[in-house]
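Single-letter residue listing:
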Amino acid sequence: MSGPSPLRPLAWCWTSVAQFMKAPLLRKSTIPTQFTRSFIVVPYEPKRRIKIHPPIKGPLSKNPIENLTAAAIAILDPSGARQKMFSRHNKDSIRPGDILQVRRRNGDPFSGVLLNIRRRGIDTGFLLRDQLTRVGVEMWFKLYSPAIEDIDLVQRKAKKARRAKLYYMRQPKHDFGSVANVVKEYVRRVRPAPRTRR
Amino acid sequence: MFPSRVLGMVQLKSMLTCIDNSGAALVECVMVLKRKKPAGIGDKIVVVIQKQRSLGQDLSATAQAAVKVRRGDVCHAVVVRTKKKYSRPDGSYIRFDDNACVLVNKAGDPLGTRLSGVVGEELKRKNWSKILSLAPMNV
Chain A
1 MSGPSPLRPL AWCWTSVAQF MKAPLLRKST IPTQFTRSFI VVPYEPKRRI KIHPPIKGPL
61 SKNPIENLTA AAIAILDPSG ARQKMFSRHN KDSIRPGDIL QVRRRNGDPF SGVLLNIRRR
121 GIDTGFLLRD QLTRVGVEMW FKLYSPAIED IDLVQRKAKK ARRAKLYYMR QPKHDFGSVA
181 NVVKEYVRRV RPAPRTRR
Chain B
1 MFPSRVLGMV QLKSMLTCID NSGAALVECV MVLKRKKPAG IGDKIVVVIQ KQRSLGQDLS
61 ATAQAAVKVR RGDVCHAVVV RTKKKYSRPD GSYIRFDDNA CVLVNKAGDP LGTRLSGVVG
121 EELKRKNWSK ILSLAPMNV
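The listed protein sequences derive, respectively, from chains A and B.
Residue numbers are given in full-length UniProt numbering: position 139 of the first sequence equals residue 139, and the series is strictly consecutive.
Residue numbers are given in full-length UniProt numbering: position 36 of the second sequence equals residue 36, and the series is strictly consecutive.
Bound-form chain B, shown alone (with noise of 0.2 Å):
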């Protein structure tokens, strides 16, 4: 009924922010997977990670157990919101002011353990469910 890939906007050397806590705070795409086409949200890509999230004066170990991943990692990743607009089923179109992802191991499962901003709802249907209980708000 409704196209099951969304269009996007994201390929390679896009410049993506990582909402989660991983550690990273900016990504670089070098890759998207399964897909000819440029990426969309509920798409699995592959990203260097070009900053890392500043820790601050904080340097406790807790602080430094949390991050688990470093400038020029490698690894795979969910979009989660584009700023290319997008349709939905119903006719509406939605864009969001940012490209943004959240890291992911090769299982699927997320390397942080929390989210700090909106997702797209078409992580459901894509089925990246355990990312939508993360996120704090899914539009």
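Only chain A is shown next, with the shape it has when bound in the complex (with noise of 0.2 Å):
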């Protein structure tokens, strides 16, 4: 034995020149002619259709939610009175430390000094406070909310307030006190007869 036979080069030269005949009867067998035909004839159909919907051109309107305040406003507030009132544009409407009266629709009025006012579209509220019996009462308000009958400006504050909060009219030393003079007044005054406040 002398090292490798000097036939073998030879037979590795014969098995790739006999895989390079035989690679395009292979490669000819592999397409699926039949599977090709059957696939045209018969369209794949799905059991469940997507309807597909053209696309929106954009939003209704720039600020879909204050569209919406103003309509529930329409429905709740049809006159705009209360809006107004309570408005921020408006130089006549009524601002914190005014005495206001709120008739409801089923109980008694109350009044009292305004001491907050939150504008939150439709969900507006004040909050009125007043002494009974010598107690502190407060009492927060639904400015568009139906069971409010009516607001009555009763009286405005001589002195325009500095601040938008009054929660230091809690405080003995600034508190207003009873507000029932006040509006006894002016109920003898504005109504001939008069809703007597309890």
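None of these hints come from the bench; they were simulated from the model.
Think of the CB as a built atom: it goes at the ideal place given N, C-alpha and C, for glycine as much as any other residue.
Below, computed lysine to aspartate or glutamate pairings styled on EDC-like, alpha-carbon distance capped at 20 Å:
1. A:K184 <-> A:D152
2. B:K85 <-> B:D98
3. A:K84 <-> A:D123
4. A:K84 <-> A:E149
5. B:K124 <-> A:D108
6. B:K84 <-> A:D175
7. B:K44 <-> B:D73
8. B:K83 <-> A:D175
9. A:K142 <-> A:D77
10. A:K157 <-> A:D98
11. B:K85 <-> A:D175
12. A:K184 <-> A:D150
13. A:K159 <-> A:D92
14. A:K142 <-> A:D123
15. A:K142 <-> B:D90
16. A:K142 <-> B:E121
17. A:K84 <-> A:D98
18. A:K184 <-> A:E149
19. B:K83 <-> B:D98
20. B:K124 <-> B:D90
21. B:K44 <-> B:D98
22. B:K126 <-> B:D90
23. A:K165 <-> B:D97
24. B:K84 <-> B:D98
25. A:K173 <-> B:D97
26. A:K160 <-> A:D92
27. B:K13 <-> B:E28
28. B:K85 <-> A:D123
29. A:K173 <-> B:D98
Below, a sample of chain A positions facing chain B; criterion: calculated Cβ distance under 8 Å:
30. L132
31. E138
32. F141
Fit chain to chain and form the complex, with the hints in mind.
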């Protein structure tokens, strides 16, 4: 034995030549001709069809929340009087420190000094403070609530308050006290048949 | 439709003013009855009388007889005002400047014969009509 046989490299060559000759045959056999035909003849149909809508052209309005609020206010406050009364843009709107009377649909009217206005569209509310039997009572109302029949401005604050929230009026030093006399005077002046406040 | 319980903040050690003429002026809450949470308007609590109403110079027999409780007595009471604001079914809120109560016996009848301040309307819902009828005003 003196090294590898001289015939071996020739054998390798033959195998590669055979592979080269087989290759086109093999490639041809891998193409699924029958399958391709069947695919074309019977197209695939999905069981559940998804409806595709045309794209929306854009938002109907630039501020839909504002539109919604306006629509809701139009229902709850058709005359727009309440909205105007509490509007920031109205020069004659009521301000913290004014005395208001709220007439309720079921219940007695409640009046007091306006401490706070919370402007939040349809959710706008305000806080009134009064003293009943020398006990401070505060009531929070929703401006557009159907439970409120009417809101009257009884008296304006003599000097415009320099704060938006007059919580300092809870302190005994700054407390307005009872508004009963002011309201009584107002009712006597405005309404001939007085709705007496208990 | 609306919650049967009214939110309140009266709990152990809360000091309340007593607004009836039973003789108590200031009471301390020691227990809230039938409720795991702090008591609100219309809830029954157990109180200890901390301060008696001063009789002044008037020490007549009638005034003495009017005093039904003494300092240190343990008594049942009903909360009638809370400093904590609570909501009404119509969306409005109400709060008072103080916490106040009325002393009652175990049957639920008020010990005093007169009340001296405004009380919450929720008492009607809680079937405390006897207290409401004594009160000068309810809001």
